[in-house]
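Colleague: Under my numbering, residue 271 is the last one in the sequence shown; the count climbs by one each step, no gaps.
No wet-lab data here; the hints were simulated from the structure. Honestly, I wouldn't trust all of these hints.
Said to hold, decoys possible - EDC-like, lysine to aspartate or glutamate: derived pairs with alpha carbons at most 16 Å apart:
| no. | residue 1 | residue 2 |
| --- | --- | --- |
| 1 | 96 | 147 |
| 2 | 156 | 217 |
| 3 | 82 | 147 |
| 4 | 190 | 174 |
| 5 | 221 | 234 |
| 6 | 193 | 168 |
| 7 | 136 | 155 |
| 8 | 190 | 179 |
| 9 | 251 | 155 |
| 10 | 221 | 250 |
| 11 | 136 | 231 |
| 12 | 193 | 174 |
| 13 | 190 | 218 |
| 14 | 96 | 112 |
| 15 | 136 | 161 |
| 16 | 221 | 179 |
| 17 | 242 | 112 |
| 18 | 169 | 179 |
| 19 | 190 | 173 |
| 20 | 193 | 268 |
| 21 | 85 | 148 |
| 22 | 136 | 217 |
| 23 | 169 | 155 |
| 24 | 190 | 217 |
| 25 | 115 | 161 |
No experiment lies behind these values; they were computed from the predicted model shown.
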Amino acid sequence: QLFRTCDVDTTIKNFKISELKGSNFVKPFRLNFEMDGVARAWDCVKVHDSVSILLYHTQRDALLLVKQFRPSVWFYQEEGLINSPEKGYTYELCAGILDKGISEEQTAIEEVLEETGYAVKDLKFITSYYSALGFAANRQILYFARIDESMKLGRGGGVDGENIELFYLPAAKAREFMFDEKIVRAPGLILAFQWFLSEFKA
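Start from the sequences, fold in the hints, and give me the full structure.
Modeller: And the structure:
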């Protein structure tokens, strides 16, 4: 059984939908151009680039994911567009946006410590890719790191009330997890798992 009941003592309530103004994270804009002599308009959103880190715990032979509440997922589940038994919760790679003015690698190291409590030094660059191409085209940089309990410096959980829960997925279940339609997962996680399986579990 891949799922387990969320044990984070958090109550989600009082959801409201409001107009977005002056966000530090997303900035909508419209592009006007001509294609083959025809005037066109295209609505876009400017967002931060980000890093993601696939963490492999060598002693547990497990991939460490972060489980967290995502308001956008909750909203789409309310609309009936996502079918998952854990409402609003996702299983993701450790990740963070590039908004601190530091390098991609340093951002990745800080995010791993904040979210998981593990202090990593040696990151392996896997690849970078672009997502949300229809309206954003932000770059995402994917890394890999090995961890063990000697690197555990804190409990993790994130910052600013993120309430992140650590989820150790046995490496033997990675392929099953990738294609489980009950799990809300991002393309980057699937790509990372595919890379891991081809490199280490072929």
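Colleague: So, for every hint listed, does it hold in this structure?
Modeller: Tested hints:
Using a Cα cut-off of 16 Å, the hinted pair residue 96 and residue 147 is violated, with the two alpha carbons roughly 25 Å apart. For the proposed pair residue 156 and residue 217, the alpha carbon gap of about 31 Å is over 16 Å, so the pair is violated. The hinted pair formed by residue 82 and residue 147 meets the criterion: a straight-line CA distance of about 13 Å does not exceed 16 Å. At roughly 9 Å between alpha-carbon atoms, residue 190 and residue 174 fall within 16 Å of each other, so this suggested pair holds.
This hinted pair checks out: residue 221 and residue 234 have alpha carbons roughly 15 Å apart, not beyond 16 Å. Between the alpha carbons of residue 193 and residue 168 the distance comes to roughly 21 Å, so the proposed pair goes past 16 Å and is violated. Of the supplied pair hints, the one linking residue 136 and residue 155 holds, its CA atoms being roughly 11 Å apart against a limit of 16 Å. For the proposed pair residue 190 and residue 179, the alpha carbon gap of about 10 Å is at most 16 Å, so the pair holds.
The suggested pairing of residue 251 with residue 155 holds, with an alpha-carbon distance near 9 Å, which does not exceed 16 Å. At most 16 Å may separate the alpha-carbon atoms for a hinted pair to count; residue 221 and residue 250 exceed this at roughly 32 Å. Of the pairs offered as hints, the one joining residue 136 and residue 231 holds, with about 10 Å between alpha carbons and a cut-off of 16 Å not exceeded. Distance restraint check for residue 193 and residue 174: the Cα-Cα separation of roughly 10 Å lies within the 16 Å cut-off, and the hinted pair is therefore satisfied.
The hinted pair formed by residue 190 and residue 218 meets the criterion: a straight-line CA distance of about 14 Å does not exceed 16 Å. As the CA atoms of residue 96 and residue 112 are separated by approximately 11 Å, the hinted pair is consistent with the 16 Å bound. Pair hint residue 136 plus residue 161 holds up; C-alpha atoms about 6 Å apart against a cutoff of 16 Å. For the hint pairing residue 221 with residue 179, the CA-to-CA distance comes to about 13 Å; that is within 16 Å, so the pair holds.
Between residue 242 and residue 112 the CA atoms are separated by roughly 40 Å; this puts the pair beyond 16 Å, and the hint is violated. The straight-line distance between the Cα atoms of residue 169 and residue 179 is roughly 11 Å, inside the 16 Å bound, and the hint therefore holds. For the suggested pair residue 190 and residue 173, the alpha carbons sit about 13 Å apart, so the restraint of at most 16 Å is met. For the given pair, residue 193 sits about 12 Å from residue 268 by alpha-carbon distance, which is consistent with the 16 Å threshold.
Of the supplied pair hints, the one linking residue 85 and residue 148 holds, its CA atoms being roughly 14 Å apart against a limit of 16 Å. Note on residue 136 and residue 217: the hinted pairing is violated, with a Cα-Cα distance of about 19 Å set against a maximum of 16 Å. For the given pair, residue 169 sits about 32 Å from residue 155 by alpha-carbon distance, which is inconsistent with the 16 Å threshold. The straight-line distance between the Cα atoms of residue 190 and residue 217 is roughly 12 Å, inside the 16 Å bound, and the hint therefore holds.
Between residue 115 and residue 161 the alpha-carbon distance is near 22 Å, which puts this suggested pair outside the 16 Å criterion.
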